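Just so you know, the sequence shown maps onto residues 1 to 238 in UniProt numbering.
In short, the hints are calculated from the structure, not lab data.
Model, not experiment: these values are computed from the prediction.
Among these hints, one or two may not hold up.
Claimed, not checked - Pairs of lysine to aspartate or glutamate residues, derived as EDC-like cross-links and limited to a Cα-Cα distance of at most 16 Å, are as follows:
#: 1; residue 1: K105; residue 2: E137
#: 2; residue 1: K11; residue 2: E43
#: 3; residue 1: K154; residue 2: E134
#: 4; residue 1: K105; residue 2: E43
#: 5; residue 1: K75; residue 2: E43
#: 6; residue 1: K119; residue 2: E66
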Amino acid sequence: MLRLNFQVSCKFRCEPIYSIGGSLHAVEVLTSFEGGYAGGKMEPQKFISSLDTKSKRELLLAQLTEINAQSLFFKNNKLLCSLNIDQSMAIMILEDHDVQEIIEKNDFIRLEISERFPKIDKTEGNIILDALAEKYELWLDDYGTDFSNINTLKNTKFESVKIDKKFFWENGNSVMWASILDNISQHCASIIVEGVETGTQLRSLKYSGVSCVQGFLFPSVPLDDIEILMPKKGYYNL
């Protein structure tokens with residue numbers, strides 16, 4: 001557990017991402033924050049955006065250090081690990097040797113780009129994102145929100161695209177769903193659908209061309225307890 005200051009502490013959890021075939025494919029590492037002036041849990045995205053550069057670097061290094069501590073688990077099980085970053089963190093990754101060192105010795109790490117990344121949906125793209133994509137494997141988070149569109153996929157090379165849960169809930173049963181997935185698949189190696197909460201939703205995606213799924217159907221665990229996510233045979237049953 002990292003203490004960013006005397007008022008706020010943070011804990012690391014991992015949400016499993018399963019392949020459509022049933023094997024554990026990756027985990028997304030998330031950070032929760034407690035404390036502050038009001039006490040209790042804090043909204044992660046809002047809190048991270050409020051941090052100054054020094055505190056944000058401290059947080060990023062803590063996240064990467066905790067992931068590195070589990071490196072044997074990821075490597076031995078051939079799993080990936082995604083971590084959300086914003087633009088200021090992207091700059092740190094491009095410029096900070098300590099940050100680069102951890103990422104580059106753990107090639108299972110994937111950098112997950114927020115849909116709020118500046119100019120992510122513009123035709124001209126973002127030069128910081130372009131530089132990051134040249135060195136590291138990127139995932140696009142929450143595709144289908146108001147902040148990302150097909151221009152985003154054309155601008156930047158993403159290994160995987162994660163479809164926003166609300167977009168899936170609203171469009172997963174529409175006649176356009178297959179066409180939407182086909183268009184996305186032309187710009188990435190794999191598609192991950194977020195927001196899978198029921199067996200019915202999971203089964204509806206089995207033959208859709210989707211690569212992986214994530215959601216409340218697959219509970220998160222503390223990062224320190226990540227081995228719990230590996231069933232005895234490594235698979236869940238559809």
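Structure-based check of each hint:
{"no.": "1", "hint": "K105 / E137", "result": "holds (14 Å)"}
{"no.": "2", "hint": "K11 / E43", "result": "holds (13 Å)"}
{"no.": "3", "hint": "K154 / E134", "result": "holds (15 Å)"}
{"no.": "4", "hint": "K105 / E43", "result": "violated (31 Å)"}
{"no.": "5", "hint": "K75 / E43", "result": "violated (32 Å)"}
{"no.": "6", "hint": "K119 / E66", "result": "violated (31 Å)"}
When each numbered hint is compared with the structure, violations occur for hints 4, 5 and 6.
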